[in-house]
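Student: Sequence:
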Amino acid sequence: MEEDGVPRTKITLGVCVMEKKAHLGPMLQILERLQAFGEFEVVHFGDKVILEDPIESWPICDCLIAFYSTGYPLKRAEAYAELRKPFLVNELEQQHLLHDRRKVYELLEMYGIPVPRYALVNREYPNQELDYFIEEEDFVEVHGNRFWKPFVEKPIDGDDHSIMIYYPSSAGGGMKELFRKVGNRSSEFHPEVRRVRREGSYIYEEFMPTGGTDVKVYTVGPEYAHAEARKSPVVDGVVMRNLDGKEVRYPVLLTPAEKEMAREVCCAFRQAVCGFDLLRCGGRSYVCDVNGWSFVKNSYKYYDDTACVLRKMFLDAKAPHLSSTIPPTLPWKVNEPVQQSEGLTRQGSGIIGTFGQSEELRCVIAIIRHGDRTPKQKVKFKVTEEKLLNLMLKYNGGRSRTETKLKSAIQLQDLLDATRILVPRTRPDRESDSEADDIEHAEKLRHVKAVLEEGGHFSGIYRKVQLKPLKWVKVLKNNGEGEEERPTEALMVLKYGGVLTHAGRKQAEELGRYFRNNMYPGEGTGLLRLHSTYRHDLKIYSSDEGRVQMSAAAFAKGLLDLEGQLTPILVSLVSKDSSMLDGLENASSEMEEAKARLNEIITSATKADRNNVLPEKPWMVDGAGVPPNASELLPKLVELTKMVTEQVRLLAKDEDEELADTSSYNVCLPYDQAKALGKTNIDVDRIAAGLPCGSEGFLLMFARWRKLERDLYNERKERFDIPQIPDVYDSCKYDLLHNAHLNLKGLDELFKVAQLLADGVIPNEYGINPRQKLKIGSKIARRLLGKILIDLRNTREEAINVAELKNNQDNDPTVPSTGKDDTDYHSKINGKFEGARRASFTSDMSLDQDDDDDKETKYRLDPKYANVRTPDRHVRTRLYFTSESHIHSLMNVLRYCNLDESLQGEPSIVCDNGLERLCRTKELDYMSYIVLRLFEDTEVALEDPKRFRIEMTFSRGADLSPLESNDSEATSLHQEHTLPIMGPERLQEVGSCLTLEMMEKMFRPFAMPAEDFPPPSIPQGFSGYFSKSAAVLERLVNLWPFHKYGNANGK
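Our numbering applies: residue 1 is where the sequence shown begins, and numbers increase by one.
Rather than coming from a laboratory, the hints here were simulated on the basis of the structure. Check before you lean on any hint, since a few could be wrong.
Derived pair list, reagent style DSSO-like, types lysine-lysine, alpha-carbon separation capped at 30 Å [to be verified]:
(1) 378 - 717
(2) 444 - 405
(3) 405 - 21
(4) 20 - 380
(5) 477 - 495
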């Protein structure tokens, strides 16, 4: 080509984009690098030319950068390209597709690129009723395709960024709105919104739990892709920013399947420079959005790579005779500012002094009890009312002998409607009515009604009802053809209470913050830095109980410094595993034996047999901890319980009369339990009005105390019910902490008596002596122990593999460490961890789909692009939230495992001081925990057992009396209805070394073998939320970077 008769040696690169985009930092950085090659002349068209001038007068160029942004005349650009036919980096016609999410998904599917399961709802006008669209409380159905909450709702307009996520009622309900970043916000949670939008057309798709991390992929041609991870807006909506105000993102390595997906996206949309969003979930990856032209921000290495790739692209298109080989020294000299490296200090133990400078923390395993809760309650009685029996048949499929469980809002509302009809509006005259059974039955129905009306909001994780048929008769069928069975009597069991209080949530958040600041490298920000840079592999598991789930979510909020409501955090980060963290069935017979022996010791004043028990080991005696005067304390306990119950009865009578005087007896109490979930402070208005704290009214408070009074002592049989002692203690402690303003006379004294007895009863319910405690504990915690061994084994194997590979790399100069080959090297390492993974992007299933959490998908930090001083520091965290039974069980195995016959002669893994400390520990209270931390000494030989050691600590939790007056912090917290959590205590001597090998030897006889773990199961209707048993829900990485400049000490 010639210009004015002079041969032109440079390729003209036209930049036909809006000026706002042309002057962005990444664009200028890349264009400067292209010009530095000396082969290109860059021509900026400018807004006036693009918007006003005829296309015939636009500058003529060889190559064209043109892409849509707000206000951009895409059709004019298309006409120009048709006229001049330059080489297009991104084709223009295909950019129209990016404005319609339907067409984006259609094209992705056409190319076989995985997308979330979705369905389209197309409306011709707002609020159009569609016969193929059904909305129920916890799902929507489109053309018969059902989407259970949580699900995602996206407008079909690709430029409309108002995306909604709807949460299930079992997690508290509500909706989270995602939007383009405004300040430091990218989403807002709306707890009151439960119905989907109907004013337009939408895509409904399955919610993909990614563990709170999104991945953005940036292609430059089909052979180059750069990926970055950022905090997902789904979690709390707060944008993480650095000191310069930029959103914090960290480069990550793509798997071979993801690289293939990037190539396919680039080719399918014919956009060489293209960004798209990747969701990593359940061992697979899915594309959920394609953005078109996108550049990485603040990465000089990426700018270098992009300039080199674009240069080759332009030369191949317009000057193939010129060499596109990258020169050994890049022609530009960019004075890059020195970026601040992370200022991580060498992590100290934070609990047991310091440890060797060659040691690295590799794994943190914590088993944590839930936070402060309301007392657990149960109402049980027989019903014969037809309305209730019909309700049972309605929800059990009409099977007359089948039990029914009512948990959903619709089911509980049906039950409430029935009880409102059945409960008399006027109170019976107790003095003249001789039908005591009828009165008691009516009172229990009234009790059920009051519980169902509590809070004005249903949530299945707080209330549930069982209806079990007891008697049947045969009746003629409605059509007169033959007979059918109909139930005539059923047992109704209502379980309620046990709800996490505002204090419980506050305790859980505080403990999460404590872990963040004390368990990990660095001071305060160490954990957050590890987590955000894909060097922290976090998984949080919870039992089935609502209080445990919410404690886990609140803890995660404090641990990861999140903001906002708990529901999105719960759905995004917490995996439910009831088989591992719930249930006592496996040890029920042994526990009954223990309770029978305990009852004998307490009621008969039998002195514990101390023969053959060393005086320095008091924990070896039967019934250790039971007060010697227990039999004398029992009558006093009953007397004081009656005193408190009578006072509450009078308060309830006044409230009952007020309700009876209102125009409708069906008035709900003025309290919203859904809103209470978001509170961490007391309800000042209720306290000032002289009402009980929380959602409990006086009627329910009286029902709680009256039941305790009745169950504690059977006057007719003159028999004490010892298992009721912990419940009395529970109610005392709750009311002293939350209802001290009611000034119940005798409650202080009742608490002291109940505490003395409960301190002896509770530990002995899990075994009357060490051998029985070990037997019961191993049965209850068998699966959890097996999972802990898997966690520790996986961590050790990864660390050894990394050390071996680094040694090979250091010793073999032929092993590459940079460029494309370096990425291949990472893939080889990835393969060593994961086995032979299939490269096909359509079948990239994680091995753990078959083998559960035993094998896990590896996602990693990319050290070439990461500004991280210690890229080989990697920590695995496993948090298990459970109830008191599992904490006691695990602790009993820890301290008594050496008593097993197979381990005869081995000393306890808990030192004598630790055993004494545990013996003095009367209660493992709310937020009590056991922590196992695994350290690797990188200067010890790989085959030496001392390379990996375990540190064990425990906390008694909020084990402080609400009557404590000598503790200033406790007194201050008591005013806020909460108690401080005790700090961690050692279970080993300072300087001792419990090797991982020894821990495995001591645990193995009691743990479920890895091969016995059942394959993961998916509950009906939930393919995303809480979907795997003991499996991988949150893919927040297993990162080991591998390059020859890495330091074994992680500095």
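Student: What hint numbers does the structure not satisfy?
Tutor: Hint check: 3, 4 and 5 fail, others pass.
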